[in-house]
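If you're matching them up, the sequences are chains R, E, B and L in order.
With numbering that gives the first Met the number 0 as the guide, the letters of the first sequence map in order to residues 0 to 503.
With numbering that gives the first Met the number 0 as the guide, the letters of the second sequence map in order to residues 0 to 100.
With numbering that gives the first Met the number 0 as the guide, the letters of the third sequence map in order to residues 0 to 649.
With numbering that gives the first Met the number 0 as the guide, the letters of the fourth sequence map in order to residues 0 to 196.
Calculated directly from the structure, the hints in this document are not laboratory data.
Ideal Cβ placement from N, Cα and C applies to all residues, glycine included.
Keep in mind that the hints are not guaranteed to be accurate.
What the hints assert, rightly or not - Computed cross-link-like contacts, SDA-like style, restricted to lysine to any residue with a CA-CA straight-line distance of at most 25 Å:
{"hint": "1", "chain 1": "B", "residue 1": "214", "chain 2": "R", "residue 2": "416"}
{"hint": "2", "chain 1": "R", "residue 1": "305", "chain 2": "B", "residue 2": "605"}
{"hint": "3", "chain 1": "L", "residue 1": "122", "chain 2": "E", "residue 2": "89"}
{"hint": "4", "chain 1": "B", "residue 1": "31", "chain 2": "B", "residue 2": "113"}
{"hint": "5", "chain 1": "B", "residue 1": "165", "chain 2": "R", "residue 2": "447"}
As the list claims (entries may be wrong) - So the derived label-pair ranges between C-beta atoms look like this:
{"hint": "6", "chain 1": "B", "residue 1": "583", "chain 2": "R", "residue 2": "60", "range": "37 to 45 Å"}
{"hint": "7", "chain 1": "R", "residue 1": "29", "chain 2": "L", "residue 2": "171", "range": "50 to 58 Å"}
{"hint": "8", "chain 1": "E", "residue 1": "87", "chain 2": "L", "residue 2": "118", "range": "35 to 43 Å"}
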Amino acid sequence: MDTILFNLIWIIPLLTVLVCVPISANHGKLLKTIHATSATFVLFLVCFLVYRVYALSGAPVDENAAPLFLRFFTNIPWISLFNAHYIVGADALNILLLALTSFIVWAGVLVSWNIKGNQKVFFALIQLLATSVYGVYMSMDLVLFFVFYEMEALCMYLMIACYGSGRRDYGGKKLTLTLAFGSSMILATLFGLYFESGINSWSIVELSKVVLPMDFQMWAFPLMFMGFAVSSSLFPFHFWSPDGHSAAPTAVSMLAAGVMMKMGAYGCLRVAMFLMPEAAKIWLPYVVALLIFNVVLGPFIALRHKDLKYITAYSSISHLGLIFLGLAALTPVGLRGASLQMISHGFLTGLFFATIGMIYERTHTRDITEMGGIMRKMPFLGVGFVLAGFAGLGLPGFSGFIAESNIFIGAFQQESTLTRIVTILAILSVTTTAVYILQTANRMLHGPLPQKYESLTDGCFREKLVIVVLAACLLFIGLCPTWISEFLDQSIAPIFDNISRVGR
Amino acid sequence: MNLMNCLILAFILFGIGVWGLIRRRHLVGMLISIELMLNAANINFISFAYFTAHDSTAGAIFSIFVFAVTACEMAIALAIIVNMYRRHHSLDVDQLRELHD
Amino acid sequence: MINDVTLSYLIFILPLLSFVVNGLFLCRKSDKAAAAMGISANGIAAISAIILAVHYFTSGLAPQKAILFEHEFIPFGNFLANIGCLIDPLSIMMLVVVTFISFMVNIYSVGYMRGDRATGRFFALLSLFSFSMLGLVAATNLFQMFIFWELVGVSSYLLIGFWYHKPSAVSASKQAFILTRFADSFFLLGIVLVSYVVQSFDFATLNDLTLSSFKAETIDLGLLVVSKADALILGSVLIFTGGWGKSAMFPMHIWLPNAMEGPTPVSSIIHSATMVVAGVYLVARLFPFFAICGSTLTLIMIVGAFTMVFAAVIACTQKDIKRILAYSTLSQLGYMMFALGVCQVGQTIVTTGWTASTFHIFTHAFFKCSLFLIAGSLIHQVHTNDLDAMGGLRKKMPWTYWCTLISILAISGIPPFSGFFSKDEIILAAFQGHHYVVFGLALLTSGLTTFYMFRLFFLAFHGEPRHEGVKAGHVHEDFAMTLPIVILAIPALLSGIAGKSLFAAFFVPGKIHAPQLVKLAEASWIPFAAVAIAIIALALAWFFYASPKARIAKALDESNRSGIYKTVYHKFYFDEMYYAVVRQFVIGGVARVARFIEDYIVGTLVNFSVWFIHKLGDLVRVAQGGYLPFYLGTLIVGVLLWRFLGNLPL
Amino acid sequence: MFPGLSIPEMPLAFPLGGMDIAFYAVALVMIVTAVCTVAVKNILQSAVFLIFSFVGTAILYLLLNAEFAALAQVMVYIGGVVIFVVFTILLTSHLGEDSFSAKIPRLFAAFALAVAFVVVMIKCLLPIESLKEGAVASPENYAGLQQMAFRLLGYDQSGFIIPFEVVSILLLMTLIVSITVARRWIPDDYKKEEEEK
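Next comes chain R alone, as it looks inside the complex (with noise of 0.2 Å):
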């Protein structure tokens, strides 16, 4: 019953797009109470499955996904020709990463109420989103995984291109043709990995049995973890992320840092340190030498920015910098700092594109110094603003911090000069982050009111429960982080198990 429900997750956004073809486009309304309806059912069903998956923790897994702590796991053949079977399951990682996700596609469909231009087309193609990113993270076979994958950037495009703002066309062609270029690496090593493995399967759980060939894995890791990378926008590959984040429409932002740059860093942890881990070793202590761009010069730039937007997403790619900075880490406490910073980082980047989208709707405008004193007018935004921001530069109580300080103290654990290094710069660039969000902050809700602000309004019920519930999750996280910290160790450590094997 759980593996049905399971499977669901990703078949009930397409199911309802095809519910919706039919209705006509005059129907507003309806369509957006179907897609809104939809997507809090799968909220709702995936905050249950978490719920399955923590109460199944300890039981006895299926042999089949051995070495994977993975429940509901499903293997279908689906490609006969290539051997590609459709295999899906779920760990603590992974069902984690599937709530943030309906979380930030529920936001989504919420904050983009009044979206301009075709709504049944837009709806449509954030449940597209929604299933390929759902897609991604429940499959367990390299060619499934790869398909959603690819799927998401597709989307992604259509939605900025059409929906977009601001350069829009130059934004959504830069995001897509880069992640296209990533796909590109990981492709490639796809099919080194299958012919290599010399086991003709792509299933995760299978190849992570084997140990490839040394010389494979030298050019093959950082072939798939750079290509990985580039949708977590992991210097030098970030270019895309402040112009296809600026261009986006408010709910496209939201998915786009808050979850399809996860995928990224998910991909690089679940496929490429998994199957390659003996590469990973002599690899990340390099890798982190890039972070240093990522990690200390993002909050910098982010100074210097007066778009809303491009400081957000200069703030996603050095929180995103963290994130890697914990898989270069290579220890268990890093690890699950890493994927604490996914979960994390998305929430809180949803609740930032979401109050800045809201804020945009009222004044028209994303330039900071522009603005100033509307938290007199819409103290609830700019609340949610304030507390995104907050867990942003990792407060205590919020979930950035718990994030954040598993990496620094998994990351100091590695004991690489270069990772110490970084490690150190890390730490001590928390204050540009605090600099860079308090001056956003402080220029845009404090100081005199303009007179043109007047007339704003506050969040309607509709905004304000978005606004209210991303901040709850990054509130819980940050308040009980211990049964989230424990529920993520029993997926770190079978990948931890691979990573430390010598020679087997």
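Given the coordinates of chain R, work out where chains E, B and L should sit on it, guided by the hints.
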């Protein structure tokens, strides 16, 4: 007169057609060159039919089909040319390149 | 069933509850309900803390440490980060001080914030602050301390910027948060480093270390490889840096005077009595750890002593009543800090400074809080911070006047007021630690303190009224505001006498793995010297600002002063220096370079690759140019190539 | 045919006979006129030369016993296609041929490519001995009207009725299409004209 001679003649005519097709910039001139090339092909049909074929009538019939197709092609091509001329007031292939992108 | 554990839970949960309820529900609804919630929650917490303290000190448990409760927060592999409540004399004392002062300030705020738009929010944030501060002082480990350390920072930020429509308040709040955050990043680094070496966050473990066991192993710190013992010393400096920023020691002091832009109750609780002593508290809490870490204590002493003199000098020239008090706070923090530092005597340790420092935390909290509340009261009446506009308030505000006198005598170290006892012990500790320069400076500063405090006192209360409102008789005392002032005057008067024996009996740092100086120098003349200096300073202040011949208008006019006076009046231009560094160097320099790298170097690389691909495309596009002769030519060439290169079946 | 000459023992590349002479003459005419067709500047002259080349082809067909094809050649090509071309030229002819002059490298490239092509193809042909047999394999009236008609309209296995019908439909379509394409009716222009009226 043998098959070889006829084929060589056909090739020479074909080559002349190629030459014309490449050197002409005038659309009609290019069509004329194409006519030459088709003619050469037709000569091949008839000469093979005459010298070697088991079913020589069929070879001749094919030449008839080629006539028909050529006529069709010319008719449409010339119609297009007339139309193009009306639109662009030019039949210079170097200038009529807007079709490519 | 009320026992210690329940009480300790109560102490934490009530302020939190008040924050949540006020913040979520009451803040828009009713100011009165919010105030009632804040006062009652903090009042019960204060009573609980006092009961807990009385029980702790009377039950015979006294100098021992106990953990009342502890919950697992984050497991970091080998070591845990817990949230708990540690009690020992130090934390009990802080619990009492924090809850009591919070209670007083909550009462005071009823009067002070009357008529403000967002009173509910104010009470919510005050409660958040008390909760965070309580969590800080009761921390069982470094990690918990850091968590609450950040939370007090953020409550301070929110409260300084409470009037967010005032640009000066907003920028002051930002400055305060960022500067402390800057220090905290080093603190965090120190925590990470120390926890990596020691494999624990617990104060118990950290305070029980000996460096010798870490001498053999080395640790790679990126640029240099050091032994773990050296890494621990570095870690102790880094941890101290956190306290350095939080306690606003020189040169990170500038945020504290600027933070006076916030509402006065906030200044009184956060920026004088409790939060800023967190840095001192941190060093006191980790004292055995610092004691083994060699010269870190010397650094602490130098920083503290310098700040003490530096701030006192500035305070003598200021005219903004709150800023004078802020600099006085800085100066007193310097006393506390160097008192901890003087415990290092060569290779040995003497613990009298520790006792003196904690004692001074205790007494200082009351009289400084009281002084700030008084300042708020004055500001509330005359609607300005400026001493120019005060004077002659003695008749109008008699209760306030007498309470002020008590507090000022206390801070000046005149017996039998509380400040005398603690300050005397600090000076004695400096003497016993053979740090004679610091000892001299401390004596000098005690004179300066008396001078500027009485300068404030005379200018505000004596002389002729210089304010229209005062002349017109609009000034009166507000009951809600005067009550806490009067209540606080009692401990300002008595806490010294009452606390002396208590502190002497129970306040000793834990077991220290360093040789202790056994033979202590006796110097019974020091109190007399200190009092004499204070009286001379008082007389000077009287002469300049209150004697019948004093030319107050001239004394208050800073325009025709010498260069040195102006430099001091402008706080040695530190604000401007900071502004220059942050504006020009960080935002204009580093950030601009970063943006340059991003926009031009990375951007150019990206554009170049795009250009390159375009050119590659153009190369292929030539073939698709719609150029018929080219197609045909290529066809022919293809046939020829096929003939020559391929296997033509002919 | 020329008994005085004693060359027959040599494997003649150019076997002489009445037919042969006629062939060579016709071939020469065809080649020369074809070259003229391509090389002359004026496009109208080129069309006229094309007629001569087609006439030569028709004669060649006669030599190859394909009377019907020759007839069709004359009727369709000369009578239809070339006249078509001439009409088109006249319709569009007030463009000077000067504007179409190609650059020297292109002329050279065209010539070189064509020559190379012909040389290579002929080189491919020459080694094939079987092509050099002068024997005629086909019956006398292989392309007679009757045979052609029977085959074209026959619907047995060797019949071409279906292609024949397809071609006729093609011709019909061509008729319609060429009229549609060539007629002077562009919607925008039409509207403008209407407005002018």
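Inset, instruction - Hints the structure violates: just list their numbers, smallest first. - result: 3 and 6
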